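Peer 1: Put together the whole structure using the sequences plus the hints.
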Amino acid sequence: MDIDQRLINAFRSRVKGKIPPKGSHDGGVGHWLERQFGIKANGNNQADIYGWELKTGATSKTTFGDWTPRRTIHMKGGQISRTEFLHIFGAPNISKNNRYSWSGKPSPNIKGWNDFGQRLRVDSNNNIIAEYSWSHDKRQDKEQIVPAILRIENLELAFWPADDMAGKVHRKFNQKGWFVCLRDESGAYFEMGFGEPFNFDVFIDGVKTGDIYFDCGMYETNPRPYSQWRANNNVFWHPRIVRRIR
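The working numbering numbers the first residue of the sequence shown as 1 and each following residue consecutively.
Read the hints as simulated data drawn from the structure, not as lab findings.
In this text, all values refer to a predicted model and were calculated from it rather than measured experimentally.
The beta-carbon is built from N, C-alpha and C at its ideal position, and this holds for glycine as well.
One or more hints might be untrue.
What the hints assert, rightly or not - Listed below are the simulated BS3-like cross-link pairs for lysine-lysine, each with C-alpha atoms no more than 27 Å apart in a straight line:
{"id": "1", "residue 1": "K142", "residue 2": "K40"}
{"id": "2", "residue 1": "K168", "residue 2": "K111"}
{"id": "3", "residue 1": "K172", "residue 2": "K61"}
{"id": "4", "residue 1": "K22", "residue 2": "K76"}
{"id": "5", "residue 1": "K40", "residue 2": "K208"}
{"id": "6", "residue 1": "K208", "residue 2": "K168"}
{"id": "7", "residue 1": "K142", "residue 2": "K16"}
{"id": "8", "residue 1": "K138", "residue 2": "K22"}
{"id": "9", "residue 1": "K76", "residue 2": "K142"}
{"id": "10", "residue 1": "K138", "residue 2": "K96"}
{"id": "11", "residue 1": "K76", "residue 2": "K16"}
{"id": "12", "residue 1": "K111", "residue 2": "K138"}
{"id": "13", "residue 1": "K61", "residue 2": "K111"}
{"id": "14", "residue 1": "K138", "residue 2": "K40"}
{"id": "15", "residue 1": "K40", "residue 2": "K16"}
{"id": "16", "residue 1": "K176", "residue 2": "K61"}
{"id": "17", "residue 1": "K61", "residue 2": "K22"}
{"id": "18", "residue 1": "K168", "residue 2": "K138"}
{"id": "19", "residue 1": "K138", "residue 2": "K172"}
{"id": "20", "residue 1": "K176", "residue 2": "K138"}
{"id": "21", "residue 1": "K208", "residue 2": "K105"}
{"id": "22", "residue 1": "K76", "residue 2": "K18"}
{"id": "23", "residue 1": "K76", "residue 2": "K40"}
{"id": "24", "residue 1": "K142", "residue 2": "K61"}
{"id": "25", "residue 1": "K40", "residue 2": "K18"}
{"id": "26", "residue 1": "K172", "residue 2": "K142"}
{"id": "27", "residue 1": "K16", "residue 2": "K172"}
{"id": "28", "residue 1": "K96", "residue 2": "K61"}
{"id": "29", "residue 1": "K142", "residue 2": "K96"}
{"id": "30", "residue 1": "K40", "residue 2": "K168"}
{"id": "31", "residue 1": "K61", "residue 2": "K18"}
{"id": "32", "residue 1": "K111", "residue 2": "K18"}
Claimed, not checked - Across the chosen pairs, the derived CB separations fall in these ranges:
{"id": "33", "residue 1": "H31", "residue 2": "H238", "range": "20 to 26 Å"}
{"id": "34", "residue 1": "R139", "residue 2": "G51", "range": "46 to 52 Å"}
{"id": "35", "residue 1": "R35", "residue 2": "K208", "range": "35 to 41 Å"}
{"id": "36", "residue 1": "V242", "residue 2": "I149", "range": "49 to 55 Å"}
{"id": "37", "residue 1": "H87", "residue 2": "S133", "range": "27 to 33 Å"}
{"id": "38", "residue 1": "N234", "residue 2": "K105", "range": "20 to 26 Å"}
Peer 2: Rendered as structure tokens:
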């Protein structure tokens, strides 16, 4: 594959051998690394630089994007409010003063119904649906939690249409490709890896197998949806590195 010498030069002159500032959280590491490549913070869904998408490799999992559903049961005009949604389909976090969130155990995945009666499903048109099933909800107090009108099967909680997701994947990852900066045991950057571009077919196949998963962080007191889609580095990202540069 063709790689970009401008990125290699920037890595060798500004990144290689350096350790991100002490105390940087995962997001802070990413922002620091972006600045070294001259990437300005933005909220658009485009490849970061010269048609390449930068992945920081800051943790054991890497994010495709914070991709909000086209519709949810709690959006404007929906059946319930966002706060009601979190209290019905989420769970309280004891360490956060019982703040409710739709993360961790309640968050749906493709592997089947969880104890909160939720799952992800990919339909025949490759749309992704988060849905709820009253009969699969194992919570002992579910009758006190779930209103009677919602005690049904296959209740749609969120919907990501294939065309939306295909566009997002194409704009970020199906241009030149992607690259990641890797750190050694000391925390210093020592190598960059380049991966080839990939399309929505690759993404949705990963969702179907569970290699790519919905990692929601939505919680009370913060209006952001935090609809992250991620994959573990050793499962999806690192095996797709085709060129390594030091």
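Peer 1: Look at each hint and say if it fits the structure.
Peer 2: Here is what the structure says about each hint:
| no. | hint | in the structure |
| --- | --- | --- |
| 1 | K142 to K40 | 46 Å, violated |
| 2 | K168 to K111 | 24 Å, holds |
| 3 | K172 to K61 | 18 Å, holds |
| 4 | K22 to K76 | 42 Å, violated |
| 5 | K40 to K208 | 33 Å, violated |
| 6 | K208 to K168 | 18 Å, holds |
| 7 | K142 to K16 | 53 Å, violated |
| 8 | K138 to K22 | 44 Å, violated |
| 9 | K76 to K142 | 25 Å, holds |
| 10 | K138 to K96 | 24 Å, holds |
| 11 | K76 to K16 | 47 Å, violated |
| 12 | K111 to K138 | 16 Å, holds |
| 13 | K61 to K111 | 18 Å, holds |
| 14 | K138 to K40 | 46 Å, violated |
| 15 | K40 to K16 | 20 Å, holds |
| 16 | K176 to K61 | 22 Å, holds |
| 17 | K61 to K22 | 21 Å, holds |
| 18 | K168 to K138 | 35 Å, violated |
| 19 | K138 to K172 | 39 Å, violated |
| 20 | K176 to K138 | 46 Å, violated |
| 21 | K208 to K105 | 19 Å, holds |
| 22 | K76 to K18 | 46 Å, violated |
| 23 | K76 to K40 | 32 Å, violated |
| 24 | K142 to K61 | 33 Å, violated |
| 25 | K40 to K18 | 20 Å, holds |
| 26 | K172 to K142 | 41 Å, violated |
| 27 | K16 to K172 | 25 Å, holds |
| 28 | K96 to K61 | 24 Å, holds |
| 29 | K142 to K96 | 22 Å, holds |
| 30 | K40 to K168 | 19 Å, holds |
| 31 | K61 to K18 | 21 Å, holds |
| 32 | K111 to K18 | 40 Å, violated |
| 33 | H31 to H238: 20 to 26 Å | 22 Å, holds |
| 34 | R139 to G51: 46 to 52 Å | 47 Å, holds |
| 35 | R35 to K208: 35 to 41 Å | 36 Å, holds |
| 36 | V242 to I149: 49 to 55 Å | 52 Å, holds |
| 37 | H87 to S133: 27 to 33 Å | 19 Å, violated |
| 38 | N234 to K105: 20 to 26 Å | 23 Å, holds |
Violated hints for the displayed structure, listed by number in ascending order: 1, 4, 5, 7, 8, 11, 14, 18, 19, 20, 22, 23, 24, 26, 32, 37.
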